[in-house]
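Colleague: Let's have the full structure, built from the sequences with the hints guiding it.
Using full-length UniProt numbering, read the sequence shown as starting at 1 and increasing by one per residue.
What the hints contain is simulated information worked out from the structure, not anything from laboratory work. Everything numeric in this text was worked out from a predicted model, so none of it was measured. Possibly wrong hints are sitting among the right ones.
The calculated label-pair distances, taken between Cβ atoms and stated as ranges, are [as the list claims (entries may be wrong)]:
1) Ala120 to Gly20: 21 to 31 angstroms
2) Leu68 to Ala36: 30 to 40 angstroms
3) Ile27 to Arg59: 23 to 33 angstroms
4) Ile75 to Ala122: 14 to 24 angstroms
5) Ala36 to Val98: 15 to 25 angstroms
6) Ser21 to Ala110: 25 to 35 angstroms
7) Gln124 to Tyr72: 21 to 31 angstroms
8) Lys69 to Ser104: 16 to 26 angstroms
9) Pro51 to Ile27: 16 to 26 angstroms
10) Pro103 to Val63: 40 to 50 angstroms
11) Lys69 to Pro103: 36 to 46 angstroms
With a Cα cut of at most 25 angstroms, we get these calculated DMTMM-like pairs of lysine to aspartate or glutamate [what the hints assert, rightly or not]:
12) Lys113 to Asp78
13) Lys123 to Glu44
14) Lys6 to Glu38
15) Lys123 to Asp82
16) Lys123 to Asp102
Backbone N, C-alpha and C fix where the C-beta goes; we use that ideal spot for every residue, glycine too.
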Amino acid sequence: PDAFSKAKRENTINHLYLHGSAEPLAINENMDILVAGEDLKQVEMQMRDMPNNRTLLFRWIVVNYEQLKEKYDLILIDTHNDAGLLAQNAWAVSDLVVGSSDPSKDGFEALLKLGKDMDALAKQL
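Modeller: Rendered as structure tokens:
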């Protein structure tokens, strides 16, 4: 069986956001993952009413920093292409944000909006 079939609730990003804890799931010797649960949109809706809802991922990293630093050289966070709370949590902890786009005027405007959204978040935090 593949590693994803072994995923439990505590291996999901949903569990991290709703309960403040998560256990990355080993998918091979050199890589772990936090799986997105099926109800991720509902989780994001519940997050709207939480205090400091843009720093939930940051708080988890702070609590687990020593363990994360010891185990990982790199943490890669893949988000939806929007400015929702899940993406904002990822931006708040990222050293680098990579936005991809198609080569069009709309794509260029979307990348400009991403930069503005990130600047606005930085001012709020």
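Colleague: Next, verify each hint and record whether it holds.
Modeller: Taking the hints in turn, this is what the structure says about them:
no. : hint                                : verdict
1   : Ala120 to Gly20: 21 to 31 angstroms : 26 angstroms, holds
2   : Leu68 to Ala36: 30 to 40 angstroms  : 19 angstroms, violated
3   : Ile27 to Arg59: 23 to 33 angstroms  : 25 angstroms, holds
4   : Ile75 to Ala122: 14 to 24 angstroms : 19 angstroms, holds
5   : Ala36 to Val98: 15 to 25 angstroms  : 19 angstroms, holds
6   : Ser21 to Ala110: 25 to 35 angstroms : 34 angstroms, holds
7   : Gln124 to Tyr72: 21 to 31 angstroms : 28 angstroms, holds
8   : Lys69 to Ser104: 16 to 26 angstroms : 40 angstroms, violated
9   : Pro51 to Ile27: 16 to 26 angstroms  : 33 angstroms, violated
10  : Pro103 to Val63: 40 to 50 angstroms : 41 angstroms, holds
11  : Lys69 to Pro103: 36 to 46 angstroms : 38 angstroms, holds
12  : Lys113 to Asp78                     : 18 angstroms, holds
13  : Lys123 to Glu44                     : 22 angstroms, holds
14  : Lys6 to Glu38                       : 15 angstroms, holds
15  : Lys123 to Asp82                     : 19 angstroms, holds
16  : Lys123 to Asp102                    : 29 angstroms, violated
Going down the numbered hints, you'll see the structure goes against 2, 8, 9 and 16, while the others check out.
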